[in-house]
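Asks: For reference, the chains in residue letters:
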Amino acid sequence: MTDLVNAFAAAFHLVLSGDRGLLEIVNLSLKVSLLAVAFAAAIGLPLGALLAIHKFPGRNAIIILSNALMGLPPVVVGLLVYLMISNSGPLGVMQLLYTPTAMIIAQTILITPIIISLARQTLEDLHHEYDEYLRMLGLGPVKRAMTLIYEGRSSLMTALLAGFGRAIAEVGAVMIVGGNINHVTRTMTTAIALETSKGDLALAVGLGIVLVTLALGINAVAYSVRAHPARGL
Amino acid sequence: MTHPMAEIDKTGLATTNGPAKVLPIIARGLIVSRGGRNVVAGVGIRIDARPRILVILGPNGAGKSLLLRVLAGLVTPESGSLSWAGSPPDRTRAPHIGFVFQRPVLLRRSALDTVCFVLRAAGGPVAIIPARARAAIEQAKLAAHVSCPARQLSAGEQQRLALAAALALEPEVLFLDEPASNLDPASALEIENRLIRARDNGLCTVLVTHDLAQARRLADDIVFMHQGRILARAPAATFFAEPPCAEARAYINGEIVV
Numbered sequence: 004m005t006d007l008v009n010a011f012a013a014a015f016h017l018v019l020s021g022d023r024g025l026l027e028i029v030n031l032s033l034k035v036s037l038l039a040v041a042f043a044a045a046i047g048l049p050l051g052a053l054l055a056i057h058k059f060p061g062r063n064a065i066i067i068l069s070n071a072l073m074g075l076p077p078v079v080v081g082l083l084v085y086l087m088i089s090n091s092g093p094l095g096v097m098q099l100l101y102t103p104t105a106m107i108i109a110q111t112i113l114i115t116p117i118i119i120s121l122a123r124q125t126l127e128d129l130h131h132e133y134d135e136y137l138r139m140l141g142l143g144p145v146k147r148a149m150t151l152i153y154e155g156r157s158s159l160m161t162a163l164l165a166g167f168g169r170a171i172a173e174v175g176a177v178m179i180v181g182g183n184i185n186h187v188t189r190t191m192t193t194a195i196a197l198e199t200s201k202g203d204l205a206l207a208v209g210l211g212i213v214l215v216t217l218a219l220g221i222n223a224v225a226y227s228v229r230a231h232p233a234r235g236l
Numbered sequence: 034m035t036h037p038m039a040e041i042d043k044t045g046l047a048t049t050n051g052p053a054k055v056l057p058i059i060a061r062g063l064i065v066s067r068g069g070r071n072v073v074a075g076v077g078i079r080i081d082a083r084p085r086i087l088v089i090l091g092p093n094g095a096g097k098s099l100l101l102r103v104l105a106g107l108v109t110p111e112s113g114s115l116s117w118a119g120s121p122p123d124r125t126r127a128p129h130i131g132f133v134f135q136r137p138v139l140l141r142r143s144a145l146d147t148v149c150f151v152l153r154a155a156g157g158p159v160a161i162i163p164a165r166a167r168a169a170i171e172q173a174k175l176a177a178h179v180s181c182p183a184r185q186l187s188a189g190e191q192q193r194l195a196l197a198a199a200l201a202l203e204p205e206v207l208f209l210d211e212p213a214s215n216l217d218p219a220s221a222l223e224i225e226n227r228l229i230r231a232r233d234n235g236l237c238t239v240l241v242t243h244d245l246a247q248a249r250r251l252a253d254d255i256v257f258m259h260q261g262r263i264l265a266r267a268p269a270a271t272f273f274a275e276p277p278c279a280e281a282r283a284y285i286n287g288e289i290v291v
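Protein chains in written order, with our numbering: chain A, 4 to 236; chain B, 34 to 291.
Hints were generated in silico from the structure; no laboratory data involved. The reader is advised that the hints may include incorrect statements.
[To be verified] If the Cβ cut is set under 7 Å, some of the chain A residues that face chain B in the computed set are:
id : residue
1  : Leu-140
2  : Gly-141
3  : Leu-142
Glycine included, C-beta positions come from ideal geometry on N, C-alpha and C.
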């Protein structure tokens, strides 16, 4: 019990004093996850809109696949990316293994299906509601899709936050392709796993506190953007 | 508001701001099926600038709403032909048809932004859009709700806003699909009065309804539909005084028409 109290006390001290090592890890984690969300949004939102609006052969198969991939195990993604970018892999010449870029690629693969599926569902509902109306105004397919994305902005923001939540809390994929190298690829989750195994509970708990605080913050933002349309805007 | 489409030239086409874009709307032999049944079964119809309010009347399931969507270019018929002002329908001319749906379709924006969006979508000078939108909202007696989220207005106010947005486009023809069927009598009356004012200003209106009383109040001309076909077209006074077919007579008499 004393160990636990001491660990928490040391952890709070690390967090409140702005420990440089801790900040470096938090900074890298946020950078990797936010970039992964940005790339996943750039791929997932247009693809989700395409699946929502257009009927084409193979559409249902893609929907089933993207829904299934929402539950993709991170270690499997990590393994696949590892096989692609390791020295003997097809992308080995790019020397991406054990770099933040490799971690961003793995997390992008992990969260893109989440954004595709949630965006598709949101935009499909809006498409049913607004399609005739927007066509009656003479809008072309691109403007109609952009209008739907704007009208679904709060739900789509929630989809992005769900992707970010998955990325920032993920450990398996970034451990495999990042290697948990100090000052290079060490993220909050991989550091927690390492420090716990080493018995340095203060840093592990400190990082845990930051991670939980981030999770609470994400949920607060998600709740506030969901509450906004409840007021009708 | 004086509607710009107030003049009729010698050919019967509406004119004022240049040549007509959509009128006359001429359909021949339209067939649309749903679930293996011809919901619109060989319909031919012509819509000119006159009469001012054409009511498409008939029991539920007669194919009225689907016909309206076909005429608006929203649904492509399986066979038959449709022309707007002498050429096939195309997206760019769609804003010349104002369309008010049975359930008002409103964006997740304020009342003002909703009308501004409609005007922006239709093109035209951007600088005057907010002023035009405000004027349309004031004419709909919704000035007090200009900043309110459109979807938080009452059902009647929402439909008035949808009508205001459609009229703000200054369309050549206004299509309405049972616009008052979900409204209380006072709200329905507001809508009807607005339609009468628009008609008096020269707007051609096509109204789909199964409400006989509403048809009596508004119609200049009546098209009676039953089982996907047009059984009769007549001036409203004639239609009600001397129903032109047995089905119309039964419908007017309140009998169940199947």
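Asks: Are the hints correct? Go through all of them and say.
Replies: Evaluated hints:
1. Satisfaction of the interface hint for Leu-140(A) is found here, the shortest Cβ-Cβ separation to chain B being roughly 4 Å, below the 7 Å cut-off.
2. Given the 7 Å rule on beta carbons, the hint for Gly-141(A) holds: about 4 Å separates it from the nearest Cβ of chain B.
3. Nearest Cβ of chain B to the Cβ of Leu-142(A): about 6 Å, under the 7 Å cut. The hint holds.
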